[in-house]
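Novice: Working from the sequences, and respecting the hints, build out all of it.
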Amino acid sequence: MKHKNNGKRYNDDFRKMIVDLYDSGQSVRNLSSEYGVSEVTIYAWIKKLTPMDLEDGSSITPDDYAKLQKQMLKLQEENDILKKAMAIFAKK
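Numbered by my numbering, the letters in the sequence shown go through residues 1 to 92 in order.
Please note: incorrect hints may appear among the correct ones.
Mimicking DSS-like on lysine-lysine, the simulated pairs with C-alpha atoms at most 30 Å apart in a straight line are [to be verified]:
1) Lys-48 to Lys-70
2) Lys-83 to Lys-67
3) Lys-70 to Lys-16
4) Lys-47 to Lys-83
5) Lys-74 to Lys-84
6) Lys-74 to Lys-92
7) Lys-67 to Lys-84
8) Lys-92 to Lys-16
9) Lys-70 to Lys-83
10) Lys-16 to Lys-47
11) Lys-84 to Lys-47
12) Lys-67 to Lys-48
13) Lys-91 to Lys-67
14) Lys-16 to Lys-48
15) Lys-84 to Lys-70
16) Lys-47 to Lys-67
17) Lys-48 to Lys-83
18) Lys-16 to Lys-74
Taking CB as the label site, the calculated pair distances span [what the hints assert, rightly or not]:
19) Gln-71 to Pro-51: 12 to 20 Å
20) Glu-78 to Met-52: 21 to 29 Å
21) Lys-16 to Asp-53: 45 to 53 Å
22) Gln-71 to Ser-38: 25 to 33 Å
23) Lys-67 to Asp-23: 19 to 27 Å
24) Ile-81 to Asp-56: 28 to 36 Å
25) Lys-91 to Tyr-43: 51 to 59 Å
26) Ser-27 to Leu-82: 16 to 24 Å
27) Glu-77 to Thr-50: 27 to 35 Å
28) Thr-61 to Lys-91: 40 to 48 Å
29) Val-40 to Leu-82: 41 to 49 Å
30) Ser-59 to Met-17: 17 to 25 Å
Bear in mind the hints are in silico, worked out from the structure with no lab data behind them. Please read these numbers as outputs of a predicted model, since none were measured by experiment. C-beta atoms are modelled at their ideal positions from N, C-alpha and C, and glycine is treated no differently.
Specialist: Quick look at the structure:
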């Protein structure tokens, strides 16, 4: 059953399915040959989609962690802008 994608764009469901198959015991080599995805790509998906355990017992994927960091930096920047605006309005 070949699922070759000539555009080299795979949707999130397909990536998750490949990672789930890997987690269930299939080898990367077999998944690569069966689905027409390079082994390097599969290893990248595994790294990106495999959850990390946190100290509080919950887990998060590296991808979600990166999104949260990006959001935090944006909020910090917005907060700094608001502080500067408050200082300007306080002087008036």
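Novice: Now, for every hint given, state plainly whether the structure supports it.
Specialist: Results of checking the hints against the structure:
no. : hint                         : in the structure
1   : Lys-48 to Lys-70             : holds (16 Å)
2   : Lys-83 to Lys-67             : holds (24 Å)
3   : Lys-70 to Lys-16             : holds (23 Å)
4   : Lys-47 to Lys-83             : violated (38 Å)
5   : Lys-74 to Lys-84             : holds (16 Å)
6   : Lys-74 to Lys-92             : holds (28 Å)
7   : Lys-67 to Lys-84             : holds (26 Å)
8   : Lys-92 to Lys-16             : violated (55 Å)
9   : Lys-70 to Lys-83             : holds (20 Å)
10  : Lys-16 to Lys-47             : holds (12 Å)
11  : Lys-84 to Lys-47             : violated (40 Å)
12  : Lys-67 to Lys-48             : holds (12 Å)
13  : Lys-91 to Lys-67             : violated (37 Å)
14  : Lys-16 to Lys-48             : holds (10 Å)
15  : Lys-84 to Lys-70             : holds (21 Å)
16  : Lys-47 to Lys-67             : holds (15 Å)
17  : Lys-48 to Lys-83             : violated (36 Å)
18  : Lys-16 to Lys-74             : holds (28 Å)
19  : Gln-71 to Pro-51: 12 to 20 Å : holds (19 Å)
20  : Glu-78 to Met-52: 21 to 29 Å : holds (27 Å)
21  : Lys-16 to Asp-53: 45 to 53 Å : violated (19 Å)
22  : Gln-71 to Ser-38: 25 to 33 Å : holds (31 Å)
23  : Lys-67 to Asp-23: 19 to 27 Å : holds (22 Å)
24  : Ile-81 to Asp-56: 28 to 36 Å : holds (31 Å)
25  : Lys-91 to Tyr-43: 51 to 59 Å : holds (56 Å)
26  : Ser-27 to Leu-82: 16 to 24 Å : violated (52 Å)
27  : Glu-77 to Thr-50: 27 to 35 Å : holds (30 Å)
28  : Thr-61 to Lys-91: 40 to 48 Å : holds (46 Å)
29  : Val-40 to Leu-82: 41 to 49 Å : holds (44 Å)
30  : Ser-59 to Met-17: 17 to 25 Å : holds (19 Å)
Figure legend: structure checked against the earlier numbered hints; hints not met, in rising order: 4, 8, 11, 13, 17, 21 and 26.
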